[in-house]
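Undergrad: Chains as they are written, first to last, in numbering that gives the first Met the number 0: chain R, 0 to 458; chain H, 0 to 157; chain G, 0 to 273.
Worth flagging that the hints you see were computed from the coordinates, not collected in a lab.
All of these numbers come straight from a predicted model, not from anything done at the bench.
Be careful, since some hints might not be right.
Heads up, simulated SDA-like pairs for lysine to any residue below, C-alpha to C-alpha not over 25 Å straight-line [to be verified]:
(1) G:LYS210 - H:ASN22
(2) R:LYS158 - R:ASP20
(3) G:LYS176 - H:ASN22
(4) G:LYS22 - H:ILE4
(5) G:LYS22 - H:ILE145
(6) G:LYS22 - R:PRO156
(7) G:LYS22 - R:VAL111
(8) G:LYS22 - H:GLN34
(9) R:LYS279 - R:ARG59
(10) H:LYS82 - R:ASP20
(11) G:LYS22 - R:VAL13
(12) H:LYS82 - R:VAL13
(13) H:LYS153 - R:THR33
(14) H:LYS82 - R:ARG392
(15) G:LYS22 - R:ARG357
(16) G:LYS22 - H:LYS153
(17) G:LYS22 - R:PHE207
(18) G:LYS22 - R:ALA54
(19) G:LYS22 - H:ASP5
(20) G:LYS22 - R:LEU288
(21) G:LYS22 - H:ARG23
(22) R:LYS279 - R:GLU322
(23) G:LYS22 - H:LYS82
(24) G:LYS22 - R:ASP20
(25) G:LYS22 - R:TYR399
(26) G:LYS22 - H:PRO21
(27) G:LYS22 - R:ARG392
(28) H:LYS82 - R:ASP185
(29) G:LYS22 - R:HIS39
(30) R:LYS158 - R:ALA144
(31) G:LYS210 - H:ILE135
(32) G:LYS176 - H:ARG137
Below, each chain spelled out in residue letters.
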Amino acid sequence: MMSEVCASVFQSRVTPLDGPDKITGAARFTFDVTLPGMLHAKVLRSPHPHARIVAIDTSRAEALPGVVAIVTGADAIKLPDPYYGVAIRDQPVLAIDKVRYFGDMVAAVAAVDEETAYRALALIDVQYDLLRPVATIEEALADGAPLLFDAPVPGAPIKLGDGVISLKEPRPNVLYEFGYAKGDADAVLTRSDHVFEDRFRFSRINHFHLEPYVNVARVTGEQIELWSCNQDPFVLRDDIARIFGRPTNNIRVNASYVGGGFGGKSFCKMEPVVVLLAMKAGRPVRLCLSLDEGLLTLTKHAGVLTLRTGVTKDGRLTARKSEIQLDGGAYSDASALTVVKTGYRITGPYRWDAVATRAYAVRTNTVPAGSFRGFGGTQASFASESQIDMIARRLGIDPYDFRRKNLLAIGGPFSRATAASTATSRAVSMRSSNASAIGGSRGARRKATRRAAWGSALG
Amino acid sequence: MVTDIDITVTVNRRTYRLNVPPNRIVADLLREDLQLTGCKIGCDQAVCGACTVLVDGLPMTACTTFAFELDGTAVTTIEGLSKEGTLHSVQRAFLEHSAFQCGFCTPGMILSVKALLDHHHDPDEMTIRRWLDANICRCTAYQMIIEAVHAAAKAAAE
Amino acid sequence: MRAEAGDGAVFMAGGIDIVNRMKFGEPITEVIYLGGVTELCAINDTEGGLHVGSLVTHHQFETCALIRARLPVLAQTWQDVANIRIRCKGTIGGNIMAADPNYDFALAAMAAGAHLDFLGQDGTARRILAIELSGRSAPGLLTGIIFPSADRLHVAFDRSLRPAITLALGLDCPEGKVAGGRVAIGCAFPMPITARLPITEPLLPRELVEKTAALARDLTVLLPEPLTNRHASARYRRQMIEVLLRRNLAALVEQIAWLQISTLPLPSIGGLIA
């Protein structure tokens with residue numbers, strides 16, 4: 000009955016409101032925005048993964064006919080707040096004293112056309128003092144590893160509920176740490192019939208939205224106008240207000256259709272740079288990154304998730320102890336959010352006698368990692384559900400039956416530390432809907448079994 | 000040695016006589032000189048197919064074609080598909096099957112599908128998938144697009 | 000014209016490679032566009048063999064009735080090269096002259112024992128075996144590819160392990176015996192590698208069937224060290240070159256034997272053999 004209703008809803012054809020625009024070529028994206036007198040910008044990027052900036056000489060570039068304005072960290076540092084990031088703000092509008100990954104933005108040029116802007120980049124001389132880079136989580140955490148940041152950065156840890164640990168920069172090259180426990184996981188594991196420890200690796204993925212990162216800015220006196228491909232125009236506006244020290248009523252963000260984002264266009268990417276250039280140039284500026292540059296802007300978090308899970312011999316889950324290391328890359332972006340999400344999701348929709356979770360984002364001299372479709376949920380689900388399949392197979396229990404045996408009941412309590420935070424109660428309702436989807440009709444049951452069988456073939 | 004080149008090109012059934020720099024790229028000619036902004040530039044290196052336009056009925060990459068190569072050809076862009084306000088059957092199929100989400104790949108995808116159906120009137124799924132190898136879509140996972148192709152083929156046959 | 004143009008000049012056929020190279024900063028100052036030269040766009044059956052103009056596009060090549068009849072393996076293989084957009088623009092000649100080890104047409108030409116016609120800067124024509132072309136040492140402008148008469152030539156083309164390895168195999172069979180052959184291997188080395196099959200005397204197909212494993216092994220052992228890159232390791236490539244060579248050689252030899260005793264149309268065997 001329920002499935003028939005669902006089926007008919009999904010089968011009925013509703014013409015999307017944006018349909019006519021998109022199938023006729025009339026749809027306008029930020030990519031299509033042009034303004035009178037608009038200049039074209041290009042970005043100079045660091046060729047080194049880790050280096051101190053000794054000097055930048057833009058004089059030859061400034062002398063090139065057609066170049067109107069050039070900005071560097073020297074311009075960025077004069078801003079009221081030149082840093083951005085979610086909760087922890089460590090990414091400068093342009094590199095100020097150091098570059099921290101191959102591709103880090105060092106300077107930006109606004110010129111009459113893209114060709115002139117590219118030529119100008121080649122005329123900017125940057126002197127670097129090379130530093131030893133750390134390319135992996137292991138290297139970053141090793142004793143004596145070079146530090147990406149010499150001092151604590153602006154920002155504060157995300158406020159979570161009681162009993163949950165939320166730490167900003169707890170250790171060298173660790174951006175953020177999340178800790179969560181219910182009961183005594185070590186004790187429960189010790190008395191469990193079986194304890195399985197498995198390690199899962201998740202690799203980087205790039206969003207590759209077909210519309211590149213593109214922004215147009217125009218600054219007229221007190222007014223900042225931005226045409227942005229950003230997915231979150233209101234959040235962006237607040238960030239621009241803070242960075243440039245202007246009230247939000249002086250900032251207008253024009254949002255067009257977004258040509259794909261998937262999380263890659265959330266939070267500041269190059270919007271502050273474009274505004275800075277537009278201010279200096281006194282004319283509107285368009286900065287459109289190539290898709291190649293998009294690969295140097297943001298990725299999904301790679302990570303290593305180690306799950307130690309206890310189970311009774313008849314297949315009842317007892318406790319899970321998780322250590323989650325996410326590779327946050329050079330800058331914060333949405334790493335703190337991602338860590339929190341991975342940490343909450345690693346226990347899946349199951350009942351546990353005890354839980355202990357430790358999740359943290361490590362700083363490495365690589366492309367920053369940020370939000371991408373589920374940010375954290377994907378990594379956690381991959382590890383959690385893979386291990387569930389593996390454990391079921393090891394016990395000789397059908398993976399579907401194993402899950403049914405251990406699923407949270409609708410309305411049942413989630414494994415919470417002490418008082419539930421709003422984050423936790425949102426998590427509870429998500430668990431419930433997952434549980435009903437799997438426990439529902441026979442059709443869903445067959446589908447769940449097929450998926451689980453696929454997992455065990457790989458496991 | 001380097002002088003502008005005269006070309007005669009028909010775009011969407013209208014003939015233009017243009018004088019173009021030798022290194023003018025078709026995508027820029029369409030978007031800037033002819034204000035046909037439906038042609039989007041994605042990867043800018045002939046991989047993603049977002050900038051696909053039809054030149055004498057064949058799908059081509061506007062971002063890696065010089066304008067001078069268009070001399071004497073007939074070009075169709077997304078703006079040229081509908082006739083006097085009536086959508087082309089491929090456009091209608093895309094609309095009815097929601098064969099798009101963000102829409103950035105859509106103009107190139109629709110033109111690619113039109114060329115496919117001009118060359119294969121009733122393509123099987125393998126033929127469709129091979130042809131649409133030339134167009135990346137990051138949003139839809141392609142299934143609705145393939146359904147739209149089948150629907151458009153069927154509509155054209157009726 | 001090429002002589003006058005100087006160091007920054009290049010010939011352009013389909014142009015895709017050239018435009019991309021320019022976008023990545025290569026200092027190309029002049030482009031000599033060959034698109035209008037109709038003599039280079041033809042496919043003709045001549046006494047000397049099947050003549051394919053260097054400006055024939057991949058799409059024209061695979062849809063040409065003559066190619067489908069005379070080189071059916073290559074026609075079918077070419078349906079899968081790149082994608083439809085690239086095949087409509089990219090040319091056979093551009094594919095060869097790009098000298099990219101991952102590109103396919105040079106392999107087909109080498110394995111088939113084809114000749115390449117060049118027009119030198121002094122206006123003279125030069126013809127070399129495709130197997131003799133290396134790197135960018137082309138003796139002029141490529142004008143055509145001449146495939147030998149197909150009734151003596153049998154070709155296999157294996158792209159199943161692309162981009163780790165692509166392999167093309169050509170066997171010459173005058174008077175019903177396999178007299179020799181060539182292997183061309185792409186993707187596995189910095190440049191396409193070719194080698195002649197170590198067949199010392201003409202053999203009947205059934206005599207050759209037992210020797211295919213040994214032939215494959217003997218040939219692979221003599222190859223230089225393959226590349227290790229993100230697609231595959233040298234070890235994997237070396238092992239699989241031998242496997243692909245043995246399989247394709249065995250299948251091709253069996254097909255030739257079968258053809259000799261039957262005039263019925265061939266069943267499709269999943270691979271691309273004729």
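Undergrad: For every hint, state whether the structure bears it out.
TA: Outcome of the hint check:
Under the criterion of a C-alpha separation no larger than 25 Å, the hint pairing LYS210 (chain G) with ASN22 (chain H) is inconsistent with the structure, at around 56 Å. Of the pairs offered as hints, the one joining LYS158 (chain R) and ASP20 (chain R) is violated, with about 42 Å between alpha carbons and a cut-off of 25 Å exceeded. For a cut-off of 25 Å, the pair hint linking LYS176 (chain G) to ASN22 (chain H) is broken: about 54 Å separates their Cα positions. A hinted pair counts as satisfied when its Cα atoms are at most 25 Å apart, and LYS22 (chain G) with ILE4 (chain H) qualifies at roughly 21 Å.
Proposed proximity of LYS22 (chain G) and ILE145 (chain H) is contradicted: the alpha carbons are some 33 Å apart, above 25 Å. Taking the CA atoms of LYS22 (chain G) and PRO156 (chain R), the gap is near 44 Å; set against the 25 Å cutoff, the hint is violated. A distance of roughly 18 Å separates the Cα atoms of LYS22 (chain G) and VAL111 (chain R); the hinted pair therefore holds under the 25 Å criterion. Of the pairs offered as hints, the one joining LYS22 (chain G) and GLN34 (chain H) holds, with about 23 Å between alpha carbons and a cut-off of 25 Å not exceeded.
A C-alpha spacing of about 18 Å is found between LYS279 (chain R) and ARG59 (chain R), which places the hinted pair at or below 25 Å, so the restraint holds. Between LYS82 (chain H) and ASP20 (chain R) the CA atoms are separated by roughly 16 Å; this keeps the pair inside 25 Å, and the hint holds. Restraint check for LYS22 (chain G) and VAL13 (chain R): the C-alpha separation of about 43 Å exceeds 25 Å, so the hint is violated. The suggested pairing of LYS82 (chain H) with VAL13 (chain R) holds, with an alpha-carbon distance near 24 Å, which does not exceed 25 Å.
The straight-line distance between the Cα atoms of LYS153 (chain H) and THR33 (chain R) is roughly 40 Å, outside the 25 Å bound, and the hint therefore fails. Of the supplied pair hints, the one linking LYS82 (chain H) and ARG392 (chain R) is violated, its CA atoms being roughly 60 Å apart against a limit of 25 Å. Distance restraint check for LYS22 (chain G) and ARG357 (chain R): the Cα-Cα separation of roughly 46 Å exceeds the 25 Å cut-off, and the hinted pair is therefore not satisfied. Taking the CA atoms of LYS22 (chain G) and LYS153 (chain H), the gap is near 42 Å; set against the 25 Å cutoff, the hint is violated.
Annotation: proposed proximity of LYS22 (chain G) to PHE207 (chain R) holds, straight-line Cα distance about 20 Å (limit 25 Å). Annotation: proposed proximity of LYS22 (chain G) to ALA54 (chain R) is violated, straight-line Cα distance about 29 Å (limit 25 Å). Taking the CA atoms of LYS22 (chain G) and ASP5 (chain H), the gap is near 24 Å; set against the 25 Å cutoff, the hint holds. For the hint pairing LYS22 (chain G) with LEU288 (chain R), the CA-to-CA distance comes to about 14 Å; that is within 25 Å, so the pair holds.
Our distance criterion of 25 Å between C-alpha atoms is met by LYS22 (chain G) and ARG23 (chain H), whose separation comes to about 12 Å. Annotation: proposed proximity of LYS279 (chain R) to GLU322 (chain R) is violated, straight-line Cα distance about 47 Å (limit 25 Å). Of the pairs offered as hints, the one joining LYS22 (chain G) and LYS82 (chain H) is violated, with about 36 Å between alpha carbons and a cut-off of 25 Å exceeded. As the CA atoms of LYS22 (chain G) and ASP20 (chain R) are separated by approximately 31 Å, the hinted pair breaks the 25 Å bound.
Note on LYS22 (chain G) and TYR399 (chain R): the hinted pairing is violated, with a Cα-Cα distance of about 53 Å set against a maximum of 25 Å. Taken as a hint, the LYS22 (chain G) and PRO21 (chain H) pair is honoured in the structure, with Cα atoms around 15 Å apart against an allowance of 25 Å. Taken as a hint, the LYS22 (chain G) and ARG392 (chain R) pair is broken in the structure, with Cα atoms around 53 Å apart against an allowance of 25 Å. A C-alpha spacing of about 71 Å is found between LYS82 (chain H) and ASP185 (chain R), which places the hinted pair above 25 Å, so the restraint is violated.
As the CA atoms of LYS22 (chain G) and HIS39 (chain R) are separated by approximately 17 Å, the hinted pair is consistent with the 25 Å bound. The suggested pairing of LYS158 (chain R) with ALA144 (chain R) is violated, with an alpha-carbon distance near 29 Å, which exceeds 25 Å. Our distance criterion of 25 Å between C-alpha atoms is broken by LYS210 (chain G) and ILE135 (chain H), whose separation comes to about 45 Å. Taking the CA atoms of LYS176 (chain G) and ARG137 (chain H), the gap is about 53 Å. The hint is violated against a cut of 25 Å.
The structure is inconsistent with the numbered hints 1, 2, 3, 5, 6, 11, 13, 14, 15, 16, 18, 22, 23, 24, 25, 27, 28, 30, 31 and 32, although it conforms to all the rest.
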